[in-house]
Every structure is written in structure tokens, then in C-alpha cells.
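Read off the chains here:
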Amino acid sequence: MSFRFRLSWRLVIRLLVTAVFLLPLFWMLTAALHPQGRPLPTTLTVSLDFTLDNFGRVLELVPMGRYTLNSLVVVLLAVPLTLLTSSWAGFGMAQLPTASQRRWIVLSLAVLMVPSVALWSTRFFIYAWLGWYNTILALIAPAIMGTSPFFVLMFYRAFRRIPTAIYEAARLEGAGVLASWWQIGVPIARPTAVGVALLTFILYWSDFVSPLLYLRSQSRYTLPIALQLLQQLTPSQWALLMAGAVLATVIPVMLFLLLQPYFARLGN
Amino acid sequence: MRKPRWRPLSYQQRLRLLLLPYLSGILLLVALPALLAFGLAFFRYDGLSPPTWLGTLNFIFVTTDELFLLSVQNSLALVILPVPLRVFGAFLLAVLLRRNGRFLGWFRASVYLPSIVPTAAYALAWLWILNPLFGPVNLLLQAVGLATPGWFADSQWAKPGLVLLSLWQIGEGFLVCLAALQDIPAAVEEAALVDGANRTQRFFYLTLPLMAPILLLLAFRDAVVTLQESFTTIFLTTGGGPYYATFTLPMLIYEQGFGLLLFGAASAALWVLYALTGLIVLALYAIARQWQIGTTEETFVL
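For the record, the sequence lines run as chains A and B. In terms of the working numbering, the first sequence has 94 at position 94, counting the first letter as 1, and numbering is strictly consecutive. In terms of the working numbering, the second sequence has 165 at position 165, counting the first letter as 1, and numbering is strictly consecutive.
There is no bait here: all hints are sound.
Listed next, the stretches of chain B that the computed footprint assigns to chain A, with coverage defined by at least 3 CB atoms under 8 Å from CB atoms of chain A:
hint, region
1, 11–20
2, 24–33
3, 114–126
4, 130–141
5, 221–232
6, 247–261
7, 264–274
Just the calculated beta-carbon pair ranges, DEER-fashion:
hint, chain 1, residue 1, chain 2, residue 2, range
8, A, Gln218, B, Ser49, 21 to 31 Å
9, B, Glu190, A, Ser8, 15 to 25 Å
10, A, Pro187, B, Pro51, 46 to 56 Å
11, B, Leu261, A, Pro187, 46 to 56 Å
12, A, Leu257, B, Ile287, 33 to 43 Å
13, A, Leu22, B, Asn100, 14 to 24 Å
14, A, Pro187, B, Leu133, 48 to 58 Å
15, B, Leu67, A, Gly37, 39 to 49 Å
16, A, Ser8, B, Ala286, 38 to 48 Å
17, B, Ser49, A, Leu257, 44 to 54 Å
Not everything, but these chain B residues come out facing chain A in the computed CB check (under 7 Å):
hint, residue
18, Leu36
19, Ala37
20, Phe107
21, Ala109
22, Ser110
23, Val111
24, Trp168
25, Thr277
Don't read these hints as lab results, they were simulated from the structure. Glycine residues also receive a C-beta, built at the ideal position from the N, C-alpha and C atoms.
Using the sequences and the accompanying hints, generate a full structural model.
So, in C-alpha cells, the structure goes:
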């Protein structure tokens with residue numbers, strides 16, 4: 001077997017740039033593996049002295065397992081709900097008369113422009129009235145509206161590529177709205193659905209503000225708040241902080257690597 | 001025969017039914033809270049006792065507050081500095097990783113990877129990376145003989161620190177640019193090649209002008225998002241300090257509302273945030289009109 005390895009300039013530049021992008025994650029990981037008792041180096045050195053003890057210590061300090069489970073429940077509820085509501089809305093929009101389509105686009109863009117900060121305190125009051133305060137409902141509520149108009153517009157764009165004649169044909173054959181959404185729309189919009197699912201997952205997984213504002217019971221906290229607790233407990237124990245950060249990052253990164261072929265195909 | 005009380009819904013009506021969750025969500029979670037926030041600005045409200053009418057007192061209180069003016073300045077600085085860098089960086093990366101080559105999928109994935117990291121974990125990671133004494137960045141600077149800034153511990157360097165860390169999370173812009181680059185017709189490119197345009201010329205006279213509308217839209221979205229989303233990062237890294245160097249409007253609104261229970265004053269500050277967002281939107285819209293781009297529905301939806 002012979003390997004031919006042709007190094008082009010383009011490949012070298014691509015490698016260097018990519019390496020720069022991986023640096024923060026690399027530093028986070030190496031710091032998380034640094035043995036606790038050993039002093040931190042004050043010069044640029046590479047140490048091969050690694051340990052996994054920090055992860056155990058973090059789990060003792062903060063119930064990360066519990067919080068990981070809470071985060072998973074939030075994501076497992078919010079992502080499917082978002083896919084359903086945003087693809088429904090996108091599907092409905094795509095088949096409305098042009099004038100109505102334009103109105104919905106304008107509405108969606110207007111909602112996109114509303115700063116989320118503007119809704120913090122008054123959403124708090126609404127959740128309190130509805131009895132959603134301090135429940136998981138306060139964390140997943142945005143999924144009702146497809147989480148973000150951005151996702152609705154993504155689905156709208158995907159569904160609009162389907163020629164209207166196909167919808168008409170299905171309608172003449174007696175297919176209802178839901179049937180044509182499921183049988184015509186969904187198969188065509190699958191790449192869009194993968195993208196929306198990943199983006200939604202990341203949004204809910206890293207949501208720091210909603211649990212900070214709308215949860216009171218410690219047992220319901222999610223991972224981002226766990227990191228804040230860890231930071232308050234051990235503000236300068238870098239190895240422990242980074243171990244916590246790694247624990248919060250592992251699941252999204254694994255999911256992303258699973259979906260990586262989707263990126264490789266993008267636009268080739 | 002009696003007419004049935006409910007006529008079956010027409011196809012069009014059923015379509016509108018599909019939009020119902022979206023619409024009701026918008027009404028409940030965006031329209032209603034936004035209107036309430038506008039109204040609250042005229043009241044004293046602590047979330048417990050009934051609101052009392054204050055007229056425009058909240059606005060006077062907020063706009064004469066030195067901290068408020070500082071937070072507006074900080075917010076603007078933390079939008080104006082990073083947004084062009086982020087958008088142009090995403091664009092250059094998309095150009096670099098545009099076409100086939102060895103490991104292309106992995107290169108693209110690596111560029112996107114930092115954007116996957118949860119904001120809280122990312123903020124903590126950079127708190128370590130930019131640690132003045134032990135952080136890898138300062139060790140690196142020290143090794144090549146450069147000055148080592150205090151970053152988040154230094155009021156001069158806290159803002160540049162925040163800008164720096166924001167440059168790694170540009171996955172969304174990168175993907176949008178990548179998709180938009182694929183939409184440039186191959187025929188245009190080939191024509192330029194036949195005319196003998198070299199790589200640099202093709203970039204400046206072909207790719208850049210064709211991508212300008214997308215870049216503008218990205219800048220527009222990035223500005224609005226950066227203005228609000230930097231809260232988590234700032235909250236966990238600098239807490240608004242040192243000496244309020246990174247104290248932004250969202251931080252002020254959070255402290256006034258959830259810290260001091262002055263929800264009325266927080267709402268008055270919100271009006272200013274709305275105005276700022278509106279100004280950014282208008283400015284970019286004016287540029288877009290000037291260039292006659294981005295006005296069609298197609299480009300608006302991306």
C-alpha cells in the first residue's frame with residue numbers, strides 16, 4: 001500500500017485556520033485534565049501529566065448528573081415541538097396567497113427584531129400568572145412559536161421550492177393539509193429539519209437566561225446554571241471549572257459530530 | 001334537511017390553522033410582554049404590590065443616570081467593534097472553505113465547532129484562556145516577547161477581550177455565506193476565468209460585490225443579536241466590570257428589574273434599547289436602499 005500525500009498551499013492554510021478555531025476547545029480540555037494539586041505553569045509548556053480526577057470532583061461538588069438529565073428533558077421536549085410548530089407554520093405560509101405570505105414574512109421579521117431582553121421581566125409576570133414559573137414549561141415555552149421566526153422562515157423557504165402543482169394534485173386526490181404536509185412537505189424539507197433541529201438543540205441546551213430568571217428550585221436547574229454554581233463555589237479552581245465546562249459541552253459536540261456528514265455535503 | 005352547524009373547513013382555512021400555534025405563541029410570548037413592558041415604563045412596580053402611576057418620572061430617572069449613559073456607550077462599542085470583524089471573518093472563512101479538497105467536511109465542522117459550545121461553558125473557558133497570569137493566551141504572548149494585558153481584570157482590556165472571544169463563535173454567518181457562495185452561478189465565474197481575471201480580481205470584482213447584500217443582512221442580524229446575546233457572556237466573565245467597563249444595557253435592565261425590583265425603570269431603559277435597535281436597523285436599511293440591494297423578498301428571507 002502506498003500513500004500519496006500532496007500538500008498544497010491551500011491545504012496548509014486550511015489546516016492552520018482550522019487549528020486556530022480548535023484552540024479554545026483544546027485549551028479548555030487540557031486545563032480540565034490538569035492535576036489539581038500541581039501548580040499552574042507560568043511559562044508555555046506542554047505537560048503530559050493528565051488526570052481524569054477533576055470530573056469526579058466536579059460531580060461531588062455540584063449534582064451535574066441531575067442537571068444534565070434536566071437539560072436533556074428540556075431539549076427532548078423543546079426540539080420535537082419546535083420542529084412541529086415551525087414546519088407547520090412554514091408549510092402554511094408557503095401555500096397562502098402571495099399577499100398573505102408577504103404579511104407573514106413582515107410579521108416574522110418584526111418579531112426577529114424584538115430584543116429578547118425586552119421580554120425578560122414581563123414574560124416573568126406572564127409565566128407567574130399562568131403558573132408556569134418555576135416549572136419546565138417556562139424553559140420550553142418558546143417552542144410553541146417554533147422557538148424563533150428564523151426557523152419558520154427556513155421551513156417556509158424549503159417548502160416554497162415545491163411547485164404548487166404538486167400540492168394541487170395532492171389536494172385533488174383528496175389529501176388533507178396534514179397529509180400533504182407529512183407526505184410531500186416533510187420528505188423534501190429533511191435537510192432543513194436537520195439544521196433546525198441542531199440549532200434548536202444548541203439554543204435550549206445553552207439557554208442561561210430562562211433558568212436564571214424563571215426557576216427557583218435548585219433541583220430543576222439546567223447545566224448552564226450548574227456552571228454558574230460551580231463558578232461561585234470554586235472561583236479560581238481552573239481545572240474544576242474547565243472540567244465542568246467540558247461536561248456541559250460533551251453532548252452537543254457528540255451530536256454535532258454525528259451530523260457532520262450533513263456539513264460535508266453542504267453545497268458540493 | 002337541516003344544514004350542518006359547522007361547515008367543514010376549506011383547505012385554505014386549514015392552512016391557516018397550521019399557522020395558529022405560531023401566531024398564538026407570538027401573541028403570548030412576544031406581543032403581550034412587549035406591550036406590557038412599554039406600559040410598565042410609566043409605573044412604579046416591584047412585582048409584589050400593585051403598580052403606581054409615575055408618569056414620565058422613570059424616563060427622567062433613567063436618562064439622567066450616569067450609569068445608564070455609560071451602559072449605552074458600552075453597548076454601542078460592543079456592537080460596532082465585533083460585528084464587522086465577525087461578518088467579514090465568516091465570509092473569508094467561507095471563501096477559504098468553499099470548494100472541494102481533502103478533509104473539507106472536517107475543516108468546515110471545525111470552524112463551526114466553537115459555536116456548538118454552550119454559552120456558559122464558552123464564557124468560563126475564555127475566563128481561563130484570558131487569565132492574566134496562567135491563561136494560555138498570555139503565556140503565548142509572553143513566549144514571543146509581547147506585553148501581557150490584564151484582559152478582564154483591566155478596564156482598558158475588558159472590551160477587547162469580549163470582542164476577541166466573540167470571533168470564534170461565527171458558525172451561523174459562516175454557514176449562510178457558504179450557502180450563498182454556492183448560489184453564485186458557475187457561468188459567471190467561468191466567464192471571468194475566460195476573460196483572464198486572476199484570483200484577486202475575481203475576489204474583489206466578482207465574489208465580493210455579489211455577496212455584498214448577504215453580508216449586509218448578516219451584519220444587520222448580527223448587530224441585533226450581539227446587542228442582546230452578549231448578556232450571558234458578560235454576566236459570567238466580567239459581571240459588567242471592571243469599573244463598569246463592560247456594563248451594557250441588558251446588564252442594567254437585569255439589575256434594575258431582577259436585582260432592585262424596579263421593573264418600571266427597567267422598562268424605561270428598554271425603550272432606549274428598542275430605539276437603539278431601531279436605529280441600527282434603519283441605518284443598515286438606508287445603506288441597503290442606497291445600494292439598491294436587499295429590497296426583494298427573496299434576499300430578505302436569505
